[in-house]
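A.B. asks: Here are the chains, one letter per residue:
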Amino acid sequence: MILKAKVYNKIFAFQSLKEVMSKANEEKSGDELVGIAAKSASERVAAKLVLSNLTLEDIYNNPVIPYEEDEVTRAIYDGLNLRIYQEIKSWTVGYLREYILDHKTTGENLLHISRGLTSEMIAAVAKLMSTMDLVCGSKKLRVQSHCNTTLGIPGTLAFRCQPNHPTDSVEGMLASLKEGLAYGSGDAVIGINPVEDNVETVSRLLDTVKNFMIKWEIPTQNCVLAHVTTQMKAIEKGAPVDLVFQSIAGTHKANDAFGVSAAILDEAFALAQRKGSATGPNLMYFETGQGSEVSLDAHLGVDMMTLEARTYGFARGYRPFMTNNVSGFIGPETIYSGREVIRADLEDLFMGKLHGLPMGIAPCYTNHMKADQNDQEMGTLLCAMAGSNFFMGVPGGDDVMLSYQDTSYHDDASTREILGLRPLPEFEQWLEKMGILENGKLTERAGDPSIFDK
Amino acid sequence: MGVENNELEKVIIQSVMEELARKGLLSQKGKDHMMSAAMMDTPIVPNLQSEEMVTFPPQEEMQIANPFNADAVRAMKKLTPARIGIGRAGTRPKTMSLLRFLADHAVAQDAVFLDVSEEFLQRMNMMSVQSAAASKDEFLQRPELGRRLSEEAAKSIAEKCEKNVQVQILIVDGLSSSAIEANIPDLLPALMQGLKSSGIKVGAPFFIKNGRVWVQDHVASIVNCDVVISLIGERPGLGTAESLSAYMIYRPDENTVEADRTVISNIHKGGIPPAEAGAHLTDVIKQILSAKASGVKLNQQK
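Residue numbers (our numbering), protein chains in the order written: chain A, 1 to 454; chain B, 455 to 756.
Certain hints may be false.
[As the list claims (entries may be wrong)] For the chain A half of the interface with chain B, some residues (derived, Cβ under 10 angstroms), not all of them:
1) Gly107
2) Asn109
3) Gly172
4) Asn198
5) Arg339
6) Thr366
7) Tyr404
8) Asp412
9) Ala446
Honestly, the hints are just simulated from the structure, not real lab data. Since we're looking at a predicted model, the values are computed, not measured. Using N, Cα and C, we set each Cβ at its ideal position, and we do this for glycine too.
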């Protein structure tokens, strides 16, 4: 394993694979904060050069966090297909990049080798990829999943309608939900972040959305994004849960801080299969984001991007219906600028897809970052071109409960029309029946929430 | 130039041109050009003294063209602060929705990235010191620097501040300088008066630039007070950039954890009004002093 590189007249020597992985990253404030980022532009390229020459076997043999110490590492290694890994282990990371981009390599080929790739290998190759590389690679990968409806069908783009309310008011939530549906948002899921994480609130919101779906015959899924254990209690008490949500991270320690473990997720998945309200087989909804381990001081000296890949490695065993990335939500100490968040979104979309996950992106930002609406719209269009399965839908782009900005109902409709993408088929039929959509375009009556107030 | 004069001018120009055209001295193109010049209104000179200005329409205004049920949309808008019933231009927001969003974000960004003004600090007659974060960029990207004082600040505080007081009040910019300028002028006098009339010994309040909550522990270690209270700007939302929080702790030390702090948040004119907050905080501080504990430990004693 060669850990030294010469960039013109300068020689750079690295101590470990972990160091090479962190220094090969594009600039992000979280890696700087932890003190593991490259010290110069030349050192960054030197790290990429070293990485390009390492084999997948080198990476397999040097997990960034030991197997014995970390449940996430164990999930990644135990879930690997060894036969496929054996076939490709002599590839260098540089060769893997070219294989991914080669015209002869199809999405099916990539999903096949995916089973023989550890999360660290996937992170490694993404570190060698530029913006367009990431878009080209992501675009090839199409992962479908099914809960009540099918997500990820080629030519479609779905949205989570996110009608959050600052005091969990059911009526206030319904007002935002109607507005979202009137713009064609909500085919991925109707998902609400509650303020109060308790069984009563969660059950009330689940019941309300489910009844609304039944009354208006809306083909989608419901979810309330409380802690997984609260949702499990709600299911036990009879609440209708289509999708079970949880935020997860890339180290055992960070998952501890989230109050979640493989055992809890196993139990939740089993409960959703036994007592959930959806068809399945995909019943989980995960959220992830670069930097969560840094903000929880649970990064163990590993870079944010590699930890994000490990999060996907942890997620894939649960065959989720959707995995949503919210790297822009964490804060300026991990991702500082619009440029950093767009890069992170594209990396995460690619890494998630190469893990075989049905990925969506929230190209979001908070008010204490150096990012604005223009950055968000650029990120959204790039991720849509890269074949994101879904985005969020927030009234006017302003989440009044979580206090951050995300894709708006208007952005949802715009992105579909700009790229000629359609809602999920059953949902499109429903939109046409409601007179909201015609030939893939909003009708005159679209955008009016009072169509639900007959 | 009056309207009548303007009309008269047009008539004169038109008859002159007709005369020229009859004599073959004017092409059609030249005629069109001169006519459009004649039709142009008097050049508009901006009136800089005018009180007129461009503003946003009221937020509660329903913006949907021909809604199915306008009253229902208006009722919905009352149920949530979310941006609904805002209409569209094609798939995009209407111009006023777009500009209002940009304005709200701009106000939020200014609250985070601009400093509390020197003029304000002079008016409040407060000493001003700085955390170890030298700039806003550093403050935002290196949280640990905002949690301790610069060496110079620690020295000034040691030299100038009264020691062994019961309460030390800190004004900390945190993530919103706007919250400081909007609330402190009403909040601080109310709080000072409340504490003094309760016979509590209070050190002179001072300002900390680029500070986070934990910087209060560093101050307490220097002034040796019983309770340190930070009035600190919250992270702005698009709804308001002026929200302030008060963090209080009884005798912090190296074993202090987050749960040891008592927090009152949402202080601004649309939440807990600042003058009212002054009275409320006085009561909380009195409880902390008598219980000799704050945060979860205080709640357990209640």
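A.B. asks: Hints first: check each against the structure and report whether it holds.
C.D. replies: Hint by hint, here is what the structure shows:
1. The beta carbon of Gly107(A) comes no nearer than 29 angstroms to any beta carbon in chain B, farther than 10 angstroms, and the hint placing it at the interface is violated.
2. Here the hint on Asn109(A) is broken, as its CB sits about 36 angstroms from the closest CB of chain B, past 10 angstroms.
3. The closest approach between the C-beta of Gly172(A) and any C-beta of chain B is roughly 4 angstroms, which is under the 10 angstroms cut-off, so the hint is satisfied.
4. The beta carbon of Asn198(A) comes no nearer than 19 angstroms to any beta carbon in chain B, farther than 10 angstroms, and the hint placing it at the interface is violated.
5. A least Cβ separation of about 14 angstroms between Arg339(A) and chain B goes past the 10 angstroms threshold, and the interface hint is therefore violated.
6. Below 10 angstroms, beta-carbon pairs count as interface contacts, and Thr366(A) has one with chain B at about 7 angstroms; its hint therefore holds.
7. The beta carbon of Tyr404(A) is positioned within 10 angstroms of a beta carbon in chain B (closest approach about 8 angstroms), and the interface hint is therefore held.
8. Look at Asp412(A): its Cβ gets to within about 9 angstroms of chain B, closer than 10 angstroms, so that hint holds up.
9. The interface hint given for Ala446(A) is met, as the beta carbon of that residue sits about 8 angstroms from the closest beta carbon of chain B, less than 10 angstroms.
The earlier numbered hints that this structure contradicts are 1, 2, 4 and 5.
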